[in-house]
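Asks: Here is what each chain is made of, one letter per residue.
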Amino acid sequence: MSVSILVVDDETDVAELFRQQFRREARQGTYVLHFAYSGEEALDKLAAGIEPPLIVILSDINMPLMDGLELLREIKTLRPGSARDDGDRLWRR
Amino acid sequence: MSEKMASLGQLTAGIAHEIKNPLNFVNNFAELSGELLRELKDEVVPVISALSSDKREEIDETIRMLTGNLEKIAEHGRRADGIVKSMLEHSRGVSGERREVDLNALIDEALNLAYHGARAQDASFNITLERDLDRAVAPIALAPQEITRVLLNLFGNSFYAATKRARSNGEAAYRPSLQVSTRDLGDAVEVRVRDNGTGIPPEIRDQLFQPFFTTKPTGEGTGLGLSISHDIVTQQHGGSIEVDSEPGEFTEFTIRLPRNGQAAERSA
Numbered sequence: 006m007s008v009s010i011l012v013v014d015d016e017t018d019v020a021e022l023f024r025q026q027f028r029r030e031a032r033q034g035t036y037v038l039h040f041a042y043s044g045e046e047a048l049d050k051l052a053a054g055i056e057p058p059l060i061v062i063l064s065d066i067n068m069p070l071m072d073g074l075e076l077l078r079e080i081k082t083l084r085p086g087s088a089r090d091d092g093d094r095l096w097r098r
Numbered sequence: 091m092s093e094k095m096a097s098l099g100q101l102t103a104g105i106a107h108e109i110k111n112p113l114n115f116v117n118n119f120a121e122l123s124g125e126l127l128r129e130l131k132d133e134v135v136p137v138i139s140a141l142s143s144d145k146r147e148e149i150d151e152t153i154r155m156l157t158g159n160l161e162k163i164a165e166h167g168r169r170a171d172g173i174v175k176s177m178l179e180h181s182r183g184v185s186g187e188r189r190e191v192d193l194n195a196l197i198d199e200a201l202n203l204a205y206h207g208a209r210a211q212d213a214s215f216n217i218t219l220e221r222d223l224d225r226a227v228a229p230i231a232l233a234p235q236e237i238t239r240v241l242l243n244l245f246g247n248s249f250y251a252a253t254k255r256a257r258s259n260g261e262a263a264y265r266p267s268l269q270v271s272t273r274d275l276g277d278a279v280e281v282r283v284r285d286n287g288t289g290i291p292p293e294i295r296d297q298l299f300q301p302f303f304t305t306k307p308t309g310e311g312t313g314l315g316l317s318i319s320h321d322i323v324t325q326q327h328g329g330s331i332e333v334d335s336e337p338g339e340f341t342e343f344t345i346r347l348p349r350n351g352q353a354a355e356r357s358a
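Here the protein sequences come in this chain order: A and H. The first sequence maps to residues 6 to 98 in my numbering. The second sequence maps to residues 91 to 358 in my numbering.
Take the hints with a grain of salt, since some may be wrong.
With a Cα cut of at most 25 Å, we get these calculated SDA-like pairs of lysine to any residue [claimed, not checked]: (1) H:131 x A:43; (2) H:110 x A:64; (3) A:50 x A:18; (4) H:131 x A:28; (5) H:110 x A:43; (6) H:162 x A:24; (7) H:162 x A:26; (8) H:110 x H:120; (9) H:131 x A:50; (10) H:131 x A:24; (11) H:306 x H:131; (12) H:175 x A:19.
In short, the hints are calculated from the structure, not lab data. Here the structure is a predicted model, which is why all the values come from computation and not from measurement.
So that you can see chain A by itself, here it is in the shape it has in the complex (with noise of 0.2 Å):
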């Protein structure tokens, strides 16, 4: 069984780096590694749909135009429920 995780950082070595942390897993179909750019990115990314079924998204905070916050406010209202409310609060400190 194959899942996905979408990452959003502006740094654009941040895939690299997760490419290469998670080579094994990659290689053997466990995890399906999707990178966004931007939030912007991210949320057109959600939009056109992204397969395997994504189980997490992992995000930088500071990012020019759409910070991770405001990214993560509109994927709640976007899929109400999908963001889980202590990983919320986790964040906001």
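Once you have looked at the hints, place chain H on chain A.
Replies: The following block gives chain H in isolation, referenced to the frame of chain A:
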């Protein structure tokens, strides 16, 4: 002067913060490259063993050097990371929460922490600890975390100086010792930390509290410990920190903390 120091602090914090991200990349990629190289090495073992011994040695040496280089990158990356962290702490300035605490208990705790920390790093480390704590000092309003940092810095330096003296010459009768005392001065309290270590030469006494000044070998000290301690005591607590020393005999730091603990004026 304090205005200049404050903007210097902001600049330092800005620089440190900007350096942190690229430095993280350096460290993470170095670590990953080390892993990848180990994997590659395991994969190519059968291929290499089929080569002539000359070629094999050459390849082995290249792999050894690459592995060594990656370790060096990781090591120096960690060093730079430590400096950046200290710089950020340094520029954090007046932040610690102030509350009424038992200063003697705080000292006791810091002393235990420093001692066991030193023992954990070096099992042969030993020093006689003497406490002369005036019961009249407690309680006093201060930022406990910050004062603990000052104490840990001072104790750490004392341990270092005493160990250095114990190792440097053949004084068979030398016994490292550290004395910590507190005294109630009415509107202030005094903490004295005295060790019988190597002492501080008079010519460097003016530089002690300067950021990045250190007498330790490269990589061992950031040169920020006393500088941070000075800021915490003077800027944050409106107190004073002084040093007295006789090379080859002793070093004694005296900290005075006013009871009405007003932080020094600091313009943003």
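Asks: Would you list, in rising numerical order, the hints stated earlier that this structure does not obey?
Replies: 1, 9 and 11
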